[in-house]
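Sequences listed follow chains U and Z, in order.
Position one of the first sequence corresponds to residue 1 (my numbering), numbered consecutively onward.
Position one of the second sequence corresponds to residue 1001 (my numbering), numbered consecutively onward.
Keep in mind the hints are simulated off the structure, nothing from the lab.
A few of these clues could be false.
Below, in silico cross-link-like pairs of lysine-lysine (BS3-like), each with a Cα-Cα straight-line distance of 30 Å or less [unchecked claim]: (1) K1124(Z) with K348(U); (2) K263(U) with K173(U); (3) K341(U) with K1099(Z); (4) K263(U) with K147(U); (5) K348(U) with K1099(Z); (6) K1099(Z) with K354(U); (7) K1120(Z) with K354(U); (8) K269(U) with K1057(Z); (9) K432(U) with K402(U); (10) K65(U) with K80(U); (11) K1099(Z) with K470(U); (12) K341(U) with K1057(Z); (13) K367(U) with K1118(Z); (14) K230(U) with K189(U); (15) K348(U) with K1120(Z); (16) K1118(Z) with K303(U); (17) K390(U) with K1099(Z); (18) K167(U) with K220(U); (19) K1068(Z) with K341(U).
Note that the structure is a prediction, hence the values are computed from the model and not measured.
Okay, here's what each chain looks like letter by letter:
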Amino acid sequence: MNLSKKTAVLSFALLLPSFFLAIVVVIYLNEDSLSSNKLILFAELLTIAIVFASLVSACVWFVFKGAIITPIKEFVKIAKIINSGNLGAKVIYKSRDELGELADSFTGIITNLTRNVQGMANTLRDEKEKERELAANVSKLQEAQAKDEALLGNLGEGVVAIDETGKIFLFNKAASVLTGYTESEAIGKKYKEILKFEFEKEKELVPDFVYAVLNKITIKELLHIQIVTKWLTRVPVTHSTTMMTDANQKNFGAIVVLRNMTKERQLDKLKDEFVSIASHELRTPMTAIKGLISMIFEGDYGKIDPQMKEPLSDIASSTQRLIELVNDMLDVSRLEGGRIKYALANIKIADVVKEVLELMHPIAVQKRVELRFDQIHSPEQVQIDENKVKQILSNLIGNSMKFTDKGFIEVRFVVHDQQLILSVRDTGIGIKPEDQKKLFSKFQQVTSSQLGRPVGTGLGLYISREFAKKMGGDLWIANSLVGVGSVFSFSVPLSGTTLAKRVEADVMKSAEG
Amino acid sequence: MAKILLVEDDKILQKMYQDKFGTTNYELVVASDGEEAIKMALEEKPNFILLDIMLPKVSGIQVLRTLKAEVETRHIPVAVFSVIPQDDPILEGSSEILKQIVGYYRKDESSPSEIVEKIKEYLK
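So that you can see chain U by itself, here it is in the shape it has in the complex (with noise of 0.2 Å):
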């Protein structure tokens, strides 16, 4: 029952008494027949007495309707409104009793309710921003690793990832094609149950260049390595391998980066079968002018005009010129290749550099220079290529003889550690300590603007330092003063010391196949 019925009541209650005392009166005055005076006095009381009550009744009704029911209505009339969703809402309602107060209070309740509902409406406004930019970044990040693993899927080299435990993490569509293995057989795996590398001539397992990533070792180069397949099939590769690291510097594995060199190998083999007939088909015309030339000095086609010596001559040294350019090129060309042989034996210094010696010697006496080697019975027996080893001390003492015009040349050598140094000196015109770095690089000749002074390849030094590289030692200038000379030295490993039997191991491994 709502409360403007529960008023009406309350009304009609008070009026009810009223009325059922006046019919009481009414009653007993017609039986107890009072005197008319007092019936009247009677009949006006109870009159006013109704009339009261009825006012008091409709004063009731007014005062509840005014000061309770319109307020409580108005109430229940907003909160309709809230309840609909309209926070806007206000309860106007300006008196200072109870209902007032009930009015502020319910006013405060809106006020606090609609900035509540407008401070959640926010936070819910700036988590679906958030969730909408999360939503964005997540399908940029998806574009993203799909690009990535687009690319890595793509790339022609095999890429295999592997943590700091060894077990491999990634493993793309190169690496299985180049292993034969799955990327699911791959992943979860220890490297090296999939990855396992020989050298390509010796079939030697290579040392383990992962482990030494992983572990920062540093080890050599490996050159001419292939890959063991699922199917155990060879595939020649070239890998990088590098150690992974995250922002803070800390080793997180090591990726593989192998690429299938099955083609440069054939291109490798047909270069070499074009170098090959290229320099025999150089050599042969030119072994035809030096062996006719030869065969002319020496009288067997006739007495020569003496006018004639100096043209012959010179094209005779040009001839030379020419055959030393096209071995110098063809040693380039395998040396970088790593396509050079070296027969190591264990061979007495000193019969080298006095055949050495000999050879030049001719061309000592023409330009007037002493050779002086004071060394001819030394026992000291070292492991080297012969023929490399004179290759070496001719491009050493030629050199020399180009840049000495008086005084001497002189080849000596000492013992040192497993060493044997052997040193050219000269008393030539010496070299500026700024162009002396550039004499081991390919063409490069310092002195060669100087007029009158015979050119060469440019390529002796870098090919004479190769060769004792690969034989266990290295060459290097050891001294030159401009005006003064210079001294080129040497190292070959003396025959049975430790050095020797590593650098022999090295070379075999090589030379088989």
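Given the structure of chain U, go ahead and fit chain Z onto it with the hints provided.
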């Protein structure tokens, strides 16, 4: 008079060595390709063979294999006579058969007189 078989496809070099050997006591016979070399080795029975490596028809290495397999020719000393260095990749896989030669002469490094001297030294 000792007979030398020169296996050489270059005509100018053939003539040059003929001229050189003409000044010596040796008789020089010349084959221009691998096939002819085997034929002449059997027919001429030379005392010494100077064998080039890069030859038309049959390669020098193949000629060497044949000569060393034939009863009639296996005793004839053979020296490789080439402009190809001994460590050239073209000779890869031939190291076994090359053990049977008596010398590896580089014709671009030695003059004709030096070649004659080497043979003289061997046949002495």
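Verification of the hints:
1. K1124(Z) with K348(U): With Cα atoms ~27 Å apart, K1124(Z) and K348(U) stay inside 30 Å; holds.
2. K263(U) with K173(U): Given that 30 Å is the threshold and the Cα spacing comes to 19 Å, the pair holds.
3. K341(U) with K1099(Z): Between K341(U) and K1099(Z) the Cα gap is close to 16 Å, so the pair holds against 30 Å.
4. K263(U) with K147(U): With a Cα-Cα distance of about 29 Å, the restraint between K263(U) and K147(U) holds, given a limit of 30 Å.
5. K348(U) with K1099(Z): The hint holds at about 24 Å.
6. K1099(Z) with K354(U): holds (27 Å)
7. K1120(Z) with K354(U): Roughly 24 Å between the alpha carbons, so the hint for K1120(Z) and K354(U) holds.
8. K269(U) with K1057(Z): holds (22 Å)
9. K432(U) with K402(U): Within the cut-off at roughly 16 Å; holds.
10. K65(U) with K80(U): holds (20 Å)
11. K1099(Z) with K470(U): holds (25 Å)
12. K341(U) with K1057(Z): holds (28 Å)
13. K367(U) with K1118(Z): holds (29 Å)
14. K230(U) with K189(U): Distance of about 14 Å is within 30 Å: holds.
15. K348(U) with K1120(Z): holds (27 Å)
16. K1118(Z) with K303(U): The given pair, whose Cα atoms are some 25 Å apart, holds under the 30 Å limit.
17. K390(U) with K1099(Z): holds (23 Å)
18. K167(U) with K220(U): Roughly 24 Å between the alpha carbons, so the hint for K167(U) and K220(U) holds.
19. K1068(Z) with K341(U): holds (26 Å)
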